[in-house]
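Take 1 as the starting number for the sequence shown in our numbering and just add one per residue.
Among the clues, some could well be false.
What the hints assert, rightly or not - Pair ranges (Cβ atoms, derived):
| hint | residue 1 | residue 2 | range |
| --- | --- | --- | --- |
| 1 | Asp63 | Thr91 | 30 to 38 Å |
| 2 | Gln7 | His46 | 36 to 44 Å |
| 3 | Ser16 | Ile138 | 37 to 45 Å |
| 4 | Ser16 | Ser56 | 38 to 46 Å |
| 5 | Gly52 | Phe123 | 19 to 27 Å |
| 6 | Phe123 | Ala25 | 20 to 28 Å |
| 7 | Asn90 | Leu11 | 32 to 40 Å |
| 8 | Asp63 | Asn40 | 40 to 48 Å |
| 9 | Met20 | Trp97 | 19 to 27 Å |
| 10 | Gln7 | Asp63 | 42 to 50 Å |
| 11 | Val101 | Asn40 | 38 to 46 Å |
| 12 | His46 | Leu4 | 26 to 34 Å |
| 13 | Ser45 | Ala25 | 15 to 23 Å |
By construction, these hints were calculated from the structure, which means they are not laboratory data.
Using N, Cα and C, we set each Cβ at its ideal position, and we do this for glycine too.
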Amino acid sequence: MNDLILQPVILMGLLSFVMMLWMYATRIPASKEIEKKGVNLQDLSHPSKLGGVFPSKVERVADNYNHLFEQPTVFYSISFVIWALNMTDNTYLTCAWLYFVIRLIHSVFQATLNLVWIRFALFIVSWFILALMIFKLIFNVFI
1 MNDLILQPVI LMGLLSFVMM LWMYATRIPA SKEIEKKGVN LQDLSHPSKL GGVFPSKVER
61 VADNYNHLFE QPTVFYSISF VIWALNMTDN TYLTCAWLYF VIRLIHSVFQ ATLNLVWIRF
121 ALFIVSWFIL ALMIFKLIFN VFI
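Take these sequences, add in the hints, and give me the full structure.
So this is what it looks like as structure tokens:
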């Protein structure tokens, strides 16, 4: 049962890979369009210069890709600690799967519709799930 905690972790990695593919599938054609307009992409080599250069539908996908290397890194570390300590149980598994599903939905919403309040709600719910995992782990390890 302990190794089951790794399944949503692996799928989070797959989600990051899919978002990377999606990002380049939108960014490369948009870059070519910008170059046709005479913009030198080398002048935009620093991320701070990219804001507003690409269409919103391109930037949203890139933003989501970047977001998958923020909060989810805590999920990865907590999941690996649970796995390493052989503490996987139904609560951790349920939380891990819910976390993955909510982050998947969050990615789809951000990259497509970008409904801010729905995205925000999904983000907060994913943090609550992650916090439950963290506090349960604190209780199991320290108390």
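Quick rundown of the hints versus the structure:
1. Asp63 and Thr91 have their C-beta atoms about 32 Å apart, which keeps the hinted 30 to 38 Å range intact.
2. Take Gln7 and His46: their Cβ atoms lie about 38 Å apart, and the range 36 to 44 Å holds.
3. Separation of Ser16 from Ile138 is about 27 Å and departs from the stated range, judged on CB atoms against 37 to 45 Å.
4. At about 21 Å, the CB distance of Ser16 to Ser56 disagrees with the hint of 38 to 46 Å.
5. Distance hint for Gly52 and Phe123: a CB-CB separation of about 23 Å, consistent with the stated range 19 to 27 Å.
6. For the pair Phe123 and Ala25, the supplied restraint of 20 to 28 Å holds, since their beta-carbon distance comes to about 24 Å.
7. At roughly 18 Å, the beta-carbon separation of Asn90 and Leu11 lies outside the given 32 to 40 Å, and the hint is violated.
8. The supplied range of 40 to 48 Å is broken by Asp63 and Asn40, whose beta-carbon atoms lie about 23 Å from each other.
9. Separated by about 23 Å at the C-beta atoms, Met20 and Trp97 satisfy the suggested range of 19 to 27 Å.
10. The supplied range of 42 to 50 Å is broken by Gln7 and Asp63, whose beta-carbon atoms lie about 27 Å from each other.
11. For Val101 paired with Asn40, a C-beta distance near 42 Å keeps the hint of 38 to 46 Å intact.
12. Evaluation of the 26 to 34 Å hint for His46 and Leu4 yields a failure: the beta carbon distance comes to about 43 Å.
13. Ser45 and Ala25 have their C-beta atoms about 21 Å apart, which keeps the hinted 15 to 23 Å range intact.
In summary, the numbered hints that this structure violates are 3, 4, 7, 8, 10 and 12.
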